[in-house]
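Heads up: the protein sequence lines correspond to chains U and E, in order.
Here the first sequence is numbered in the numbering used here, starting from 1 and rising by one per residue.
Here the second sequence is numbered in the numbering used here, starting from 1 and rising by one per residue.
Careful: at least some of the hints might be erroneous.
As the list claims (entries may be wrong) - With a Cα cut of at most 30 Å, we get these calculated DSS-like pairs of lysine-lysine:
{"id": "1", "chain 1": "U", "residue 1": "K79", "chain 2": "E", "residue 2": "K118"}
{"id": "2", "chain 1": "U", "residue 1": "K98", "chain 2": "U", "residue 2": "K70"}
{"id": "3", "chain 1": "E", "residue 1": "K118", "chain 2": "U", "residue 2": "K380"}
Simulated from the structure, these hints should not be mistaken for laboratory data.
Chain by chain, the residues:
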Amino acid sequence: MKKSGWQLVTVLVLIISVMLLVSGCGGGDKSKDDVKVGVILPLTGSEAMFGAMEKNSFEMAYDELKAAGKTTVGGKDIKLLFEDDQGKQDVAKSATEKLVNQDKAAMLSGGYSSACTNVIAGSAQTMNIPFLIVTGSADDITKKGWQWVFRGTAAPASKYTGALWGMLDNVVKPKNVALIYENTDFGSSSAKGFRSVCQQKGINIVFDQAYEAGAIDFKPMLANMRNANPDMIFAVSYVMDASMIVKQMKELDFNTKLLVGGGAGYTMPEFKDNAGSASEYVASTTLWVPSVTWPGASDYFNKYKQKYGKEPDYHGAQAYATMYIIADALKRATEFNNTGIQKSLKATDIMTIMGPIKFEDWEGYSNQNKPVTYVVQWQKGKLEVIWPEKVKSVNYVYPVPDWKERT
Amino acid sequence: MELFGQTVICGILLGGMYALIAIGMTLIMGVMKIINLAHGALVMVGMYVTYFCFQEFGIDPYFGMFLSMPVLFFIGCLIQKYMINRLVEVESILPENQVLLTVGIMLVLTEAARLIFKSDYRSVATGYSSSTVFLGGMSISVPMVIGFFIAMVFTFLLHLFLTKTDLGKSIRATSQDRDAATYLGVNASRITMITFGIGSALAATGGSLLLPLFYLWPDIGHLFTAKSFIITILGGMGSTMGAIIGGLILGMAESLGATYISMGYKDMVGLVIFLLVLLFLPGGFRSLAKR
Chain U
1 MKKSGWQLVT
11 VLVLIISVML
21 LVSGCGGGDK
31 SKDDVKVGVI
41 LPLTGSEAMF
51 GAMEKNSFEM
61 AYDELKAAGK
71 TTVGGKDIKL
81 LFEDDQGKQD
91 VAKSATEKLV
101 NQDKAAMLSG
111 GYSSACTNVI
121 AGSAQTMNIP
131 FLIVTGSADD
141 ITKKGWQWVF
151 RGTAAPASKY
161 TGALWGMLDN
171 VVKPKNVALI
181 YENTDFGSSS
191 AKGFRSVCQQ
201 KGINIVFDQA
211 YEAGAIDFKP
221 MLANMRNANP
231 DMIFAVSYVM
241 DASMIVKQMK
251 ELDFNTKLLV
261 GGGAGYTMPE
271 FKDNAGSASE
281 YVASTTLWVP
291 SVTWPGASDY
301 FNKYKQKYGK
311 EPDYHGAQAY
321 ATMYIIADAL
331 KRATEFNNTG
341 IQKSLKATDI
351 MTIMGPIKFE
361 DWEGYSNQNK
371 PVTYVVQWQK
381 GKLEVIWPEK
391 VKSVNYVYPV
401 PDWKERT
Chain E
1 MELFGQTVIC
11 GILLGGMYAL
21 IAIGMTLIMG
31 VMKIINLAHG
41 ALVMVGMYVT
51 YFCFQEFGID
61 PYFGMFLSMP
71 VLFFIGCLIQ
81 KYMINRLVEV
91 ESILPENQVL
101 LTVGIMLVLT
111 EAARLIFKSD
121 YRSVATGYSS
131 STVFLGGMSI
141 SVPMVIGFFI
151 AMVFTFLLHL
161 FLTKTDLGKS
171 IRATSQDRDA
181 ATYLGVNASR
191 ITMITFGIGS
201 ALAATGGSLL
211 LPLFYLWPDI
221 GHLFTAKSFI
231 ITILGGMGST
241 MGAIIGGLIL
251 GMAESLGATY
261 ISMGYKDMVG
271 LVIFLLVLLF
281 LPGGFRSLAK
291 R
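If we strip away everything but chain U, and leave its shape as in the complex, we get:
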């Protein structure tokens, strides 16, 4: 919708500069003895913050593996080649083609936004190159029967809510829910999954709306939602929209018994920083928290925080775990060509900081790991696990106090 003349010009200039860069670097000296792994992440653009976190995590895992001598497989060194997709699909496609055709990458990884991941997966499939997804989680990516595409650390968007349903059945028991989501692949995939389970369980969706990410003012939508009087809100947003939404709910004095975020934004440290006191008691589904019991999880969290001076969230953990999966698959691979790596990825059975990873075919998904999910809630400025009950770190607060009753 926003594509207009000047943006076209911008894109053109970008493409030209990328082309210049590519041709400029083409003649570089390349040793033949490396197993090259191409990693495509948004290193610039509006998603760059996540891209940088994932790149850091990749490198941290790589350094650890190197120290343990695990980056040399069959006499060859594993080498990571990072490419920037700028969060744009066209750039993601050219980055994929560059990595495969020019750099001769043996396999690909990365993929942050669902839209870009979809493009990379499509290209990888046509070029017969194994692609291990880090984050992109729209359902359809692993539902197309693409045998070259693997998704381990990321759950399909509609399965993010796994743990939430247990909590809704036992605690919240909502009759009327409101659903808001950003109009992206990830947002509408999550919304679709949520809607269909609501239908099975006979929960009414009294308000159902998509929104354009990056808005300054969410109040008209929120005021409208208040009129629908929902028991609970399920919201799928990236981090800054998430904090704008809860801040403006507070400004409107819009009270609801529980707001649950569907992964992505509501669990991030930036969400708490930006939303301030409005973040208190906001719950979210998530794939990972630093306090999970998987081996190495809290070590990763502490080490990252120490090294980069920032708290990582589940996106970083996904990248970190993915690097371990790659090293493991390449170690077991007998041949370093596409079919060899594909076979070895398929046989993966490894424990990571994201839990056990196996690439299985189920419910129409292919090469998709079965995810473990949690429900978390911000309590006193800390993200605490509140569901499933056997792994909870604190008790849930439900229904949450009204804005005016908080001090």
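Using the hints, position chain E against chain U.
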């Protein structure tokens, strides 16, 4: 009724914020006829200056505004003097190339901000960021009201400046006919430099006032460039009041669209109005008043 009232209030206040961002562009594009695609990036730089003042020295964004304005004035002058003027003064270069130049400036500013501040989202939390006044059941955001009034004041001052002062008159003379103005003793390149500087300083004001409400990252500029363009054309090129009119129309259209159609189509509502104006009212809403 309450919903409608809330929507209208949100629309007016949002329009005021949009107008703030667009005032600088009405001056640069509307008066000087320079198509400046780096406008949003200048707003972004202004926001970072304000953010830096807040973070390092604890200066409140409303005071930080008075620091970011001179900084941006200076940057704007440099851009005009050493970049745009050089292009404009060479006759063999097509004037359209100036558009490409501003795209380049935008990219450089954005990436420079990324280099210094990383891509992280940043925001300032002030005591009044979320303060609201309730009118019946409708909430009114205090910082937005302040922004709205500052937008009005600045537009009024800009109007006075352009119509009453010598410098303002020289600016208008230069924009009407650069050669004729030069013959009459106006130093055209100095005037364009100052104008671009003022336009950039106004962009910084918009950024500083928006900072307590919104958030900041290096690519935020695209959003502002797009909105200011639409507003400048809606309001009418070359009109100082255009920013307020265009801003209010866009803000109202987006708010009403979000409430009564769907927030997913919010941008579409604004852009449809934009297209209709271009097709049927090419002079912007200002031309209605002239009839």
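Hints versus structure:
A C-alpha spacing of about 25 Å is found between U/K79 and E/K118, which places the hinted pair at or below 30 Å, so the restraint holds. For the hint linking U/K98 to U/K70, the alpha-carbon distance of about 27 Å falls within 30 Å, and the restraint holds. Pair hint E/K118 plus U/K380 holds up; C-alpha atoms about 28 Å apart against a cutoff of 30 Å.
The structure fails none of the hints (numbered hints given earlier).
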